[in-house]
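If you want the building blocks of each chain, they are given just below.
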Amino acid sequence: MRRIVADYPLVLTALILSLFGVAMVYSAGQTDTPTAVARVYRSQAIWLGFGIIGAYGISRSSVRFIEWVTVPAYILSIVLLGLTLIIGAGAGTAASTKSWLAIGGVRIGQPSELAKITVVLMLAHILASRKEPPRSLLDLWKPALVVGLPWLIIMLQPDLGTGIVFIGIFFGMLYWSGVAWPLLLLLGSPVVSLILSFSTGIWGAWFLVLLALILYYRPYLLEGIVLMVANIGTGVVAPILWEKLAPYQQNRLRVFLDPSADPRASGYHVIQSKIAVGSGGLTGQGFTLGTQKRLAFLPEQHTDFIFAVVGEEMGFLGVTFALTLFLVIFLRITRIAGRANDSFSSMVAFGLMVSWFVHVLVNVGMTLNLMPITGIPLPFFSYGGSFMLACWLAVGILMRISGEGRGKAAFKAS
Amino acid sequence: MSFHPNDIARRTRLSAFALCTGFVLLLGAFFRAQILQTNSYVLQSQENRLRPIPLPAPRGIIYDRKGKIIAENLPAYSVSVTAPSLDSLRSSLKQLQPTLQLTDVDINKAIRRYRRAPTRPTVVLADASIDVISVLEEHRIDYPRLIIQSVPKRFYPDGPLVASFVGYTGEITESDLNLPQFEGYKPGQNIGKGGLEKQYEPILHGREGVRYDEVDARGRAVRGVGPRPEVDPVGAPPLQTNIDLDLQKFVASVFADSLRGGAIAMEPKTGAVLALYSNPSFDPNRFTGGIPADYWKQLNSDPWRPLFNKVIQGTYPPASTYKLATATIGLQNKLVKMTDRMPIPCSGGMQYGRRYFRCWEKRGHGYQTLSGAIEKSCDVYFYQLGLRIGLSRLVGGGIDLQFADRSGIDLPNEYKPRFPARDVKAYYDRRYGSRGWTPGANALNLSIGQGENSQTVVNMAKFFTALATDGHTATPELVRQNPERKKILTLSTSQMADIRTALAGVVSARGTAGGSAIKGLVIAGKTGTAQNSENPDLDHAWFVGFAPADNPIILVAVFLEFGDHGWQAARVASKIMGYYTGAVPVELVNTDGE
Numbered sequence: 067m068r069r070i071v072a073d074y075p076l077v078l079t080a081l082i083l084s085l086f087g088v089a090m091v092y093s094a095g096q097t098d099t100p101t102a103v104a105r106v107y108r109s110q111a112i113w114l115g116f117g118i119i120g121a122y123g124i125s126r127s128s129v130r131f132i133e134w135v136t137v138p139a140y141i142l143s144i145v146l147l148g149l150t151l152i153i154g155a156g157a158g159t160a161a162s163t164k165s166w167l168a169i170g171g172v173r174i175g176q177p178s179e180l181a182k183i184t185v186v187l188m189l190a191h192i193l194a195s196r197k198e199p200p201r202s203l204l205d206l207w208k209p210a211l212v213v214g215l216p217w218l219i220i221m222l223q224p225d226l227g228t229g230i231v232f233i234g235i236f237f238g239m240l241y242w243s244g245v246a247w248p249l250l251l252l253l254g255s256p257v258v259s260l261i262l263s264f265s266t267g268i269w270g271a272w273f274l275v276l277l278a279l280i281l282y283y284r285p286y287l288l289e290g291i292v293l294m295v296a297n298i299g300t301g302v303v304a305p306i307l308w309e310k311l312a313p314y315q316q317n318r319l320r321v322f323l324d325p326s327a328d329p330r331a332s333g334y335h336v337i338q339s340k341i342a343v344g345s346g347g348l349t350g351q352g353f354t355l356g357t358q359k360r361l362a363f364l365p366e367q368h369t370d371f372i373f374a375v376v377g378e379e380m381g382f383l384g385v386t387f388a389l390t391l392f393l394v395i396f397l398r399i400t401r402i403a404g405r406a407n408d409s410f411s412s413m414v415a416f417g418l419m420v421s422w423f424v425h426v427l428v429n430v431g432m433t434l435n436l437m438p439i440t441g442i443p444l445p446f447f448s449y450g451g452s453f454m455l456a457c458w459l460a461v462g463i464l465m466r467i468s469g470e471g472r473g474k475a476a477f478k479a480s
Numbered sequence: 184m185s186f187h188p189n190d191i192a193r194r195t196r197l198s199a200f201a202l203c204t205g206f207v208l209l210l211g212a213f214f215r216a217q218i219l220q221t222n223s224y225v226l227q228s229q230e231n232r233l234r235p236i237p238l239p240a241p242r243g244i245i246y247d248r249k250g251k252i253i254a255e256n257l258p259a260y261s262v263s264v265t266a267p268s269l270d271s272l273r274s275s276l277k278q279l280q281p282t283l284q285l286t287d288v289d290i291n292k293a294i295r296r297y298r299r300a301p302t303r304p305t306v307v308l309a310d311a312s313i314d315v316i317s318v319l320e321e322h323r324i325d326y327p328r329l330i331i332q333s334v335p336k337r338f339y340p341d342g343p344l345v346a347s348f349v350g351y352t353g354e355i356t357e358s359d360l361n362l363p364q365f366e367g368y369k370p371g372q373n374i375g376k377g378g379l380e381k382q383y384e385p386i387l388h389g390r391e392g393v394r395y396d397e398v399d400a401r402g403r404a405v406r407g408v409g410p411r412p413e414v415d416p417v418g419a420p421p422l423q424t425n426i427d428l429d430l431q432k433f434v435a436s437v438f439a440d441s442l443r444g445g446a447i448a449m450e451p452k453t454g455a456v457l458a459l460y461s462n463p464s465f466d467p468n469r470f471t472g473g474i475p476a477d478y479w480k481q482l483n484s485d486p487w488r489p490l491f492n493k494v495i496q497g498t499y500p501p502a503s504t505y506k507l508a509t510a511t512i513g514l515q516n517k518l519v520k521m522t523d524r525m526p527i528p529c530s531g532g533m534q535y536g537r538r539y540f541r542c543w544e545k546r547g548h549g550y551q552t553l554s555g556a557i558e559k560s561c562d563v564y565f566y567q568l569g570l571r572i573g574l575s576r577l578v579g580g581g582i583d584l585q586f587a588d589r590s591g592i593d594l595p596n597e598y599k600p601r602f603p604a605r606d607v608k609a610y611y612d613r614r615y616g617s618r619g620w621t622p623g624a625n626a627l628n629l630s631i632g633q634g635e636n637s638q639t640v641v642n643m644a645k646f647f648t649a650l651a652t653d654g655h656t657a658t659p660e661l662v663r664q665n666p667e668r669k670k671i672l673t674l675s676t677s678q679m680a681d682i683r684t685a686l687a688g689v690v691s692a693r694g695t696a697g698g699s700a701i702k703g704l705v706i707a708g709k710t711g712t713a714q715n716s717e718n719p720d721l722d723h724a725w726f727v728g729f730a731p732a733d734n735p736i737i738l739v740a741v742f743l744e745f746g747d748h749g750w751q752a753a754r755v756a757s758k759i760m761g762y763y764t765g766a767v768p769v770e771l772v773n774t775d776g777e
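Those sequence lines, one after another, are chains G and B.
Residues 67 to 480 in this note's numbering are what the first sequence lists, from first letter to last.
Residues 184 to 777 in this note's numbering are what the second sequence lists, from first letter to last.
One should not assume that every hint holds.
[To be verified] Here are a few chain G residues that face chain B, going by a calculated C-beta distance under 10 Å:
no., residue
1, 241
2, 392
3, 405
[Claimed, not checked] Pulled from the structure, derived: some chain G residues nowhere near chain B, Cβ distances all over 10 Å:
no., residue
4, 108
5, 127
6, 299
7, 322
[Unchecked claim] Counterexamples of contact, computed for chain G against chain B with all Cβ distances above 10 Å:
no., residue
8, 152
9, 208
10, 222
11, 272
12, 452
13, 470
Hints are computed from structural coordinates only; laboratory data are not their basis.
Keep in mind it's a predicted model, so treat the numbers as computed, not measured.
Heads up, the beta-carbon is just placed ideally off N, CA and C, and yes, glycines get one too.
The whole structure should be built from the sequences, with the hints applied where relevant.
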């Protein structure tokens with residue numbers, strides 16, 4: 067085993083983000099009417115410690131070892147995910163879902179957090195084993211299966227937010243593997259149809275765009291037909307699917323379009339979150355002093371809406387600081403992916419980055435109603451042991467990849 | 184896989200670009216919310232957590248002319264609750280029901296108040312007893328949304344004695360809230376509902392203050408000291424009235440329980456109202472903070488109608504008191520002199536057309552001068568004078584003497600008198616049809632104060648201010664200091680003096696109210712006995728007069744419903760005038776007269 071030098075920019079940024087996060091979890095507990103949340107920052111700090119130890123441990127192993135455990139880890143996470151459907155429990159803004167594994171009423175973790183990493187690893191494993199990037203839709207069946215299986219289970223829980231993360235990982239990693247963008251677009255087209263079919267006119271226009279894409283990319287005839295059928299199919303089932311959604315999910319989507327539609331219930335979260343963020347102003351109301359949070363107007367202030375606490379107490383400056391840290395770490399990981407020793411490492415690094423990026427985009431966007439409420443946590447910030455641990459295990463993997471790839475501008479084409 | 188270094192570099196650049204774009208977009212959204220729109224969000228955040236608690240302002244204290252208190256404020260306790268929703272209010276009320284002993288009516292009232300202003304604390308009990316308050320304070324922790332406030336409560340030390348002019352206060356109604364003059368008023372606030380309280384509501388109503396409690400998402404107050412400065416309530420300035428409280432109380436005592444009617448005492452020169460009383464009265468203190476249903480029912484079912492103000496709302500035929508109007512119209516038109524006799528002597532009545540018109544005195548008065556006819560109230564004399572004046576001049580003259588108008592007293596809900604229109608023919612045609620009436624018969628009726636003529640007590644008093652002075656009427660005023668005076672009589676000084684002499688004769692051994700004379704005080708006035716359809720056996724009794732006759736300082740109008748005879752009213756009036764002037768009443772002699 068080669069001695070490697072730690073990637074200080076990566077580790078330091080992750081550490082600052084985590085400490086910032088623990089501080090915010092502490093602040094989230096400081097309410098005028100004390101609740102159990104007041105104490106959770108301690109366990110968050112403990113999990114951070116475990117995470118750092120875990121990250122160190124992983125960084126001492128090797129990428130080959132990581133690739134070796136990929137398949138069993140993936141299978142394990144699928145099994146655990148499957149278990150949630152049988153003995154799952156809910157929490158937070160998604161109390162009615164079954165994303166938690168609980169034993170005797172004690173929640174011990176969310177398998178989907180583990181799955182986020184193992185799916186990235188598995189996908190990297192599959193894509194890296196190919197000599198050429200997938201050129202047709204048929205070539206994509208394996209990666210689609212790798213992501214699709216856990217995605218399906220997660221959608222059955224149902225956990226829309228994590229589902230979105232998986233889709234982000236899938237498309238992000240295909241892009242990084244060199245799949246041409248028109249193919250990605252064609253691949254994603256049924257989803258677009260699903261959304262656009264609510265307006266027949268726009269849906270019709272989308273078909274013209276789709277046709278142009280097919281003419282440009284010239285897929286196989288069969289593929290073209292399947293694509294069109296898929297688009298029509300999703301468009302047709304969309305209203306049926308809507309009916310199948312749980313009422314709270316329907317409400318969340320409705321409220322995303324207009325929070326005032328349901329100001330007491332579903333819209334309440336978004337409205338209060340926007341008030342908290344907006345009232346922060348430039349410098350915020352001061353650490354632990356946010357009134358929206360203190361007086362319990364802000365829901366889920368230590369988990370899903372922790373960034374609203376940042377906005378309320380630290381103001382625009384604090385928000386800028388936090389987002390800049392995220393940008394720095396994402397750019398750093400992209401660089402690590404670009405300089406990785408081999409294609410598996412590169413794919414893993416980029417996949418982990420995309421996963422976090424989707425988290426940040428959706429979670430932070432949610433606090434200002436730019437994104438629908440999906441109960442997706444903010445990496446390094448949101449309270450949650452398994453998520454903190456998963457984030458730091460990912461940091462460990464990235465440290466290893468960075469260490470092995472250090473010094474080279476890029477590896478040779480395989 | 185395509186991992187050529189160039190491809191990698193290109194994808195890295197593109198990814199970095201995408202990341203930066205996402206970063207800029209997010210940051211832009213935060214910039215918009217936190218920098219550009221922050222003020223609106225700060226406001227919303229404050230609205231969230233700052234619960235305004237209105238601090239009621241004390242109403243202006245009402246004083247009489249000597250600085251005695253007519254209406255003041257006492258400390259009371261109000262109980263209100265705040266509720267985020269109607270359901271929450273209902274459950275709070277249910278929880279409080281046994282402690283506060285709320286009736287269903289109270290609960291419905293509270294719910295209506297809440298619907299009007301859900302963000303304001305909903306008043307549950309406007310005036311809670313100290314026992315209830317101490318129980319609530321003990322269980323403070325169980326009722327986080329409860330607000331117990333010390334609030335000013337209206338109190339009238341003399342209660343029923345002053346109710347006739349001071350009115351009462353009560354909670355503003357929903358229909359009042361829609362009126363433009365109550366813009367800015369909130370449900371649960373008290374307003375003047377009658378009398379001076381209503382008339383001078385804009386002056387008497389102070390400016391409500393506000394205190395801010397910081398509350399959490401469940402509406403529980405969390406900090407003692409409000410984060411926003413308190414706005415102290417501003418009490419209204421005191422209201423000085425022209426009322427003489429001692430006289431007012433004396434007037435009320437004269438009426439006691441047996442007499443039913445009203446009286447007004449004024450300064451004839453200034454129009455200042457010294458006393459205004461309608462009997463039976465009501466206790467305005469019981470109206471404060473919501474009138475008990477049984478008391479309300481009792482007042483409304485009382486046949487003597489306590490809530491009906493007999494001084495400003497009751498309109499009655501002025502009867503013989505109106506003869507002064509007939510006389511002055513005749514004098515002003517130079518159709519008669521004080522010393523003139525009428526062609527037909529009074530023999531207890533006179534024939535006109537196919538009808539025989541009676542004088543009240545069956546024995547007759549014989550030949551009389553105008554002075555004598557006033558003293559003895561001879562109907563036959565005034566029948567002939569009325570005929571001489573003619574119906575249209577009689578009506579027109581009455582209108583010029585302001586008998587068709589309200590007196591303009593500064594009290595709400597004064598009734599308009601009934602009086603024919605200046606276009607006599609059109610008026611009577613509309614009333615009786617063109618063949619249903621004759622000018623003569625109507626002139627006869629009008630000349631003695633019957634017919635289409637009903638006046639309020641206050642309006643008759645106003646007319647007599649002209650007789651008591653140099654021909655100017657003074658608008659009766661409880662508060663205003665700038666009397667509005669209008670000259671309605673253009674008689675010479677000697678004619679005015681003659682009239683006053685004749686009126687003094689009424690309250691003398693010769694006149695109809697001889698029994699009301701007082702030693703050392705020359706009272707001038709006129710009795711009236713008005714027939715009414717409700718009870719043919721008991722007439723209404725009038726007396727309007729002033730004293731001393733040569734230089735009057737007090738003018739009194741008394742009206743007794745079913746008082747039988749005018750002299751009954753005169754006795755009440757003379758007591759009032761005697762009390763005010765400090766004269767010693769003589770032994771009152773009963774003389775039969777109208």
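Hints and how they fare:
1. 241: holds (7 Å)
2. 392: Constraint on residue 392(G) satisfied, holds at 8 Å.
3. 405: holds (9 Å)
4. 108: holds (24 Å)
5. 127: The assertion about residue 127(G) holds, with a minimum of 23 Å to chain B.
6. 299: Residue 299(G) is indeed farther than 10 Å from all Cβ atoms of chain B, at 30 Å.
7. 322: It holds; residue 322(G) is separated from chain B by about 14 Å at its closest Cβ, greater than 10 Å.
8. 152: holds (36 Å)
9. 208: The assertion about residue 208(G) holds, with a minimum of 13 Å to chain B.
10. 222: The claim stands: residue 222(G) keeps its Cβ more than 10 Å from every Cβ of chain B (closest is about 30 Å).
11. 272: holds (23 Å)
12. 452: Residue 452(G) clear of chain B: closest Cβ-Cβ about 26 Å, beyond 10 Å.
13. 470: At roughly 15 Å from the nearest Cβ of chain B, residue 470(G) sits farther out than 10 Å, so the non-interface label holds.
Hint compliance for this structure: every hint is met.
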